[in-house]
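Q: In order, the protein sequence lines correspond to chains Z and A. The opening residue of the first sequence carries number 1 in my numbering; numbering runs sequentially from there. The opening residue of the second sequence carries number 1 in my numbering; numbering runs sequentially from there.
Errors might be hidden in some of the hints.
Which residues of chain Z face chain A? A few of them, derived with a C-beta cut under 8 Å, are [unchecked claim]: (1) Gly31; (2) Pro33; (3) His34; (4) Val37; (5) Glu38; (6) Trp40; (7) Ala46; (8) Glu49; (9) Ala182; (10) Leu323; (11) Asp342; (12) Thr350.
DSSO-like cross-link-like pairs, simulated, lysine-lysine; straight-line CA separation at most 27 Å [as the list claims (entries may be wrong)]: (13) A:Lys74 / Z:Lys312; (14) A:Lys419 / Z:Lys327; (15) A:Lys419 / A:Lys19.
Calculated directly from the structure, the hints in this document are not laboratory data. Model, not experiment: these values are computed from the prediction. Quick reminder that beta carbons are idealized off the backbone N, C-alpha and C, glycines included.
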Amino acid sequence: MSVSTMQPNLDQLAGLTGVRAGALTRWQETGWPHSRVEQWRFTRLASLEKMDLRPASAAAVTGTAAISADLPKNAAILSFSNGVLDVADLAVLPVGVKASFLNENDTALAALAASVPASHPVSDLSLAVMTSGLHLEIAGKVDVPIILAFTGDDNGVSSHPVVSVKLADGASAVLAEWHQSAVGLSAPLMAIEVGDKARLDYAKVQHDSAQSAHLAATGLTLGEGSVFEGFQISVGGQLARLETHVTLSGENADCTLSAIYLGRANQHHDITTNMSHAKGHCLSNQIIRGVLDDSARGVFQGKVHVAPDAQKTDGQQMSRALLLSRKAEADAKPELEIYADDVLCAHGATVGELDETQLFYLTSRGIDRDTARGMLISAFLDDAIDSISHLGLAAMLRPVTTAWMTTSNHSEAGDQ
Amino acid sequence: MVATQETIDTLEEVTGKYKYGFVTDIESDKAPKGLNEDIIRFISAKKDEPQWMLDWRLKAFATWQKMETPDWAKLDIEPIDYQDIHYYAAPKSSEGPESLDEVDPELLKTYAKLGIPLDEQKILAGVVAVDAVFDSVSVATTFRGELAKVGVIFCPISEAIRDYPDLVKKYIGSVVPVADNYFSALNSAVFTDGSFVYIPKGVRCPMELSTYFRINEANTGQFERTLIIAEDEAYVSYLEGCTAPQRDENQLHAAVVELVAMDDAEIKYSTVQNWYPGDENGLGGIYNFVTKRGACRGDRSKISWTQVETGSAITWKYPSCILQGKDSVGEFYSVALTNNLQQADTGTKMIHIGEGSRSTIISKGISAGRSQNCYRGLVRIQPGAENARNFTQCDSLLVGDKCGAHTVPYIVSRNPSAKIEHEATTSRISEDQLFYCQQRGISTEDSVSLIVNGFCKEVMKELPMEFAVEAQKLIGISLEGSVG
Numbered sequence: 001m002s003v004s005t006m007q008p009n010l011d012q013l014a015g016l017t018g019v020r021a022g023a024l025t026r027w028q029e030t031g032w033p034h035s036r037v038e039q040w041r042f043t044r045l046a047s048l049e050k051m052d053l054r055p056a057s058a059a060a061v062t063g064t065a066a067i068s069a070d071l072p073k074n075a076a077i078l079s080f081s082n083g084v085l086d087v088a089d090l091a092v093l094p095v096g097v098k099a100s101f102l103n104e105n106d107t108a109l110a111a112l113a114a115s116v117p118a119s120h121p122v123s124d125l126s127l128a129v130m131t132s133g134l135h136l137e138i139a140g141k142v143d144v145p146i147i148l149a150f151t152g153d154d155n156g157v158s159s160h161p162v163v164s165v166k167l168a169d170g171a172s173a174v175l176a177e178w179h180q181s182a183v184g185l186s187a188p189l190m191a192i193e194v195g196d197k198a199r200l201d202y203a204k205v206q207h208d209s210a211q212s213a214h215l216a217a218t219g220l221t222l223g224e225g226s227v228f229e230g231f232q233i234s235v236g237g238q239l240a241r242l243e244t245h246v247t248l249s250g251e252n253a254d255c256t257l258s259a260i261y262l263g264r265a266n267q268h269h270d271i272t273t274n275m276s277h278a279k280g281h282c283l284s285n286q287i288i289r290g291v292l293d294d295s296a297r298g299v300f301q302g303k304v305h306v307a308p309d310a311q312k313t314d315g316q317q318m319s320r321a322l323l324l325s326r327k328a329e330a331d332a333k334p335e336l337e338i339y340a341d342d343v344l345c346a347h348g349a350t351v352g353e354l355d356e357t358q359l360f361y362l363t364s365r366g367i368d369r370d371t372a373r374g375m376l377i378s379a380f381l382d383d384a385i386d387s388i389s390h391l392g393l394a395a396m397l398r399p400v401t402t403a404w405m406t407t408s409n410h411s412e413a414g415d416q
Numbered sequence: 001m002v003a004t005q006e007t008i009d010t011l012e013e014v015t016g017k018y019k020y021g022f023v024t025d026i027e028s029d030k031a032p033k034g035l036n037e038d039i040i041r042f043i044s045a046k047k048d049e050p051q052w053m054l055d056w057r058l059k060a061f062a063t064w065q066k067m068e069t070p071d072w073a074k075l076d077i078e079p080i081d082y083q084d085i086h087y088y089a090a091p092k093s094s095e096g097p098e099s100l101d102e103v104d105p106e107l108l109k110t111y112a113k114l115g116i117p118l119d120e121q122k123i124l125a126g127v128v129a130v131d132a133v134f135d136s137v138s139v140a141t142t143f144r145g146e147l148a149k150v151g152v153i154f155c156p157i158s159e160a161i162r163d164y165p166d167l168v169k170k171y172i173g174s175v176v177p178v179a180d181n182y183f184s185a186l187n188s189a190v191f192t193d194g195s196f197v198y199i200p201k202g203v204r205c206p207m208e209l210s211t212y213f214r215i216n217e218a219n220t221g222q223f224e225r226t227l228i229i230a231e232d233e234a235y236v237s238y239l240e241g242c243t244a245p246q247r248d249e250n251q252l253h254a255a256v257v258e259l260v261a262m263d264d265a266e267i268k269y270s271t272v273q274n275w276y277p278g279d280e281n282g283l284g285g286i287y288n289f290v291t292k293r294g295a296c297r298g299d300r301s302k303i304s305w306t307q308v309e310t311g312s313a314i315t316w317k318y319p320s321c322i323l324q325g326k327d328s329v330g331e332f333y334s335v336a337l338t339n340n341l342q343q344a345d346t347g348t349k350m351i352h353i354g355e356g357s358r359s360t361i362i363s364k365g366i367s368a369g370r371s372q373n374c375y376r377g378l379v380r381i382q383p384g385a386e387n388a389r390n391f392t393q394c395d396s397l398l399v400g401d402k403c404g405a406h407t408v409p410y411i412v413s414r415n416p417s418a419k420i421e422h423e424a425t426t427s428r429i430s431e432d433q434l435f436y437c438q439q440r441g442i443s444t445e446d447s448v449s450l451i452v453n454g455f456c457k458e459v460m461k462e463l464p465m466e467f468a469v470e471a472q473k474l475i476g477i478s479l480e481g482s483v484g
């Protein structure tokens, strides 16, 4: 097993104990996955292995860079620079949200480690080298959206923010991650636990710089009767993988986890989800849309797992990719693994280009071809975005796709 | 009153016993257990093979030794001891029978019992020509004269190696290379018999061709090799059936089937796989590791795979199409049924290379008992496959709450003009459907059989008529005792 040159600074890590020491050992044994590991079949990390990166240990000297998001007006923003939390921001947290640090709390760390994807390179590495481990406890109804804003400026470092969020039973909250870093590698590790009858509206935007790699691992646990409505957009970075593992651990939980990826130039976007129905009577729904231009490549891997006792499960998944250029590639691997008999599970996947008949329809009405293409692409994406019910988050996400569209080269020059 | 044979048969059918579990008591000629270069030389000598074939086998053996057993399938397999198997077993009397009269009557009886008539007189003329493979040798091939009149070659592959070396040399290993996978390399080293079919240009094969594989000897493996070539504008429909005795030990079956279709040619390949599946506790049964692949080399060529998989303890099988020709067509229709502790990991690969190539995949998985049933498939569109089209539908049905149904499709598209659609569903037989049937006086078991047959209809209708009836019965039998 070749281990990357991107070795964590071992001196800095001397004396690690407990959960983090275990994670470090696992990382040292396995390193980045090689090309024959099934889960990484479509996303190769060879380029990452060649990079000489140091895990960041301090915030960027230039201070927190501004992010260019249309954030909800009343939002409470927690800033991370190079993966390091600006502690002063904790003062803005609304009533009902309690913050603490993970680094010194092995019990909280163990809970986090149990929730995030297991034996995963990002989980293990980020746990081991994490700089700011933040834990948020949310109780009651919190209307103020909490935004985690990630920036960074050093392409020689990797950033490893680790955040765990726990919604108490019956709580409700709005949480968003906005990533706009220019570091070599962003490897955020998130663990979210939604208590019984709690509700979380969640969004993530991956808008890192064009040279960055972004490897995210998120673990999500849903309690009985809870509701999770999540949406992810991957638009930045050179190589990006947004991996989310969901466990529906109580009955009647309802999980929506949709995503859009937008690729151009030689970008590589990977959306990987693992939806595990551990208990019966739960609902999961995923709508995935991808648009790929130039030589971009898009990957969607989605697994729906239904445990033996999870009867009356309803698991739905639909992924569609649109190829705008001759050199673009779309890969999909939707997977069903079902051990209960009274379930309704379905997945669908399509890959294709814009419908020539629809284009003709629009151009025959005097709309020029480029505009017509733009309209069709935007309609294709709206299909997914329209499902977001939190207006503040929808207002934050919509401009991301619009901006991508307006800077897109809709002309068909690349087609020939 | 003494029960009539009919009553006994019906009883056997409804009790869901494996009907083909008997052993034919016949003296046989076996190679010693184990796998090494000498065994390969022994097989080659037994088959009276030319030097080039032996060299090819030895090279394959060297390749196999360097390979590792694949572990990516969703199968739980006890390690196989490749040295504990007889790689060659043949009924003693069967060496080169000139006509059916010289075939051991015991063998003829065996095939009659299996429902495979080898006596041409007894078959309505021009229905099905049969190549009967018993352990490691082909014991009879019917209607060869009739077929020769139109230029169709239908014979055991061991004979083809001697009589048509140029054809065999040209095509063997050209669709499934030796090093394609662990089991194809093993098969290339030790294959014993199978069928060879050559349909010359412009010929529509006048009858269905069929090979019936029977494993009889204990502790043997069967390694069949089939090669079918359809020249320009040729057409052939080929059927394959398989059974084995009921034993407590697992037996290995590792086959390689290669199909080649040239311009405007069409090959239809149907399988009803009914190897012994093991008992209700998972004891015994055949390990079925099969590499089946067709190359649509010519423009507008078509290869269609239809399979009904009800047997085997373990099934590892992915009949595939390489769609090289312009506007070539690949089809895969499959029903895989698992019960008790059976495990099946089966599906297809459609590799689109040619412009305008089209493929259709219809897969129906039915799991009952404590079995695991997995569909695994790949649709790959290469950059040159302009306007390629794929439609995939995988449905799974679960009968009982101890089994598993899995779907693992891979989709890779590298051409924007290609259109790929995949859909999959998993559900169970609904109470409403059962109630509807039952209130009309249909018993629970018959209702299940009816609903399951409806679920499989799209695949069943692709089977040649003789097989369709057989397959429907098989599905009914395999599901016995799985409900209630």
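Q: Min Cβ distance, glycine 31 (chain Z) to chain A: is it shorter than 8 Å?
A: 21 Å, violated
Q: Regarding the pair lysine 419 (chain A) and lysine 19 (chain A), is the alpha-carbon distance no greater than 27 Å?
A: Outside the cut-off at roughly 45 Å; violated.
Q: With 8 Å as the cut and Cβ atoms as the points, is proline 33 (chain Z) at the interface with chain A?
A: With a minimum Cβ separation of about 15 Å from chain A (threshold 8 Å), the hint on proline 33 (chain Z) is violated.
Q: Would the hint on alanine 182 (chain Z) stand, with a C-beta cut-off of 8 Å toward chain A?
A: Interface hint status for alanine 182 (chain Z): violated (31 Å vs cutoff 8 Å).
Q: Does tryptophan 40 (chain Z) pass the interface hint, meaning its C-beta sits closer than 8 Å to a C-beta of chain A?
A: 13 Å, violated
Q: Quick check on the hint: glutamate 49 (chain Z) CB to chain A CB, less than 8 Å?
A: 23 Å, violated
Q: Can valine 37 (chain Z) be said to touch chain A, with a Cβ gap under 8 Å?
A: Not OK, violated: valine 37 (chain Z) not within 8 Å of chain A, min 11 Å.
Q: Can you confirm whether the C-alpha distance between lysine 419 (chain A) and lysine 327 (chain Z) stays at or below 27 Å?
A: The given pair, whose Cα atoms are some 15 Å apart, holds under the 27 Å limit.
Q: With a cut-off of 8 Å, does the beta carbon of histidine 34 (chain Z) approach a beta carbon of chain A closely enough for the hint to hold?
A: 14 Å, violated
Q: Do the alpha carbons of lysine 74 (chain A) and lysine 312 (chain Z) lie within 27 Å of each other, as the hint requires?
A: Given pair lysine 74 (chain A), lysine 312 (chain Z) holds - Cα atoms ~24 Å apart, limit 27 Å.
Q: Does glutamate 38 (chain Z) hold up as a contact with chain A if the rule is Cβ-Cβ below 8 Å?
A: 6 Å, holds
Q: Can threonine 350 (chain Z) be said to touch chain A, with a Cβ gap under 8 Å?
A: 5 Å, holds
In this structure, the earlier hints numbered 1, 2, 3, 4, 6, 7, 8, 9 and 15 are contradicted, and the remaining ones agree with it.
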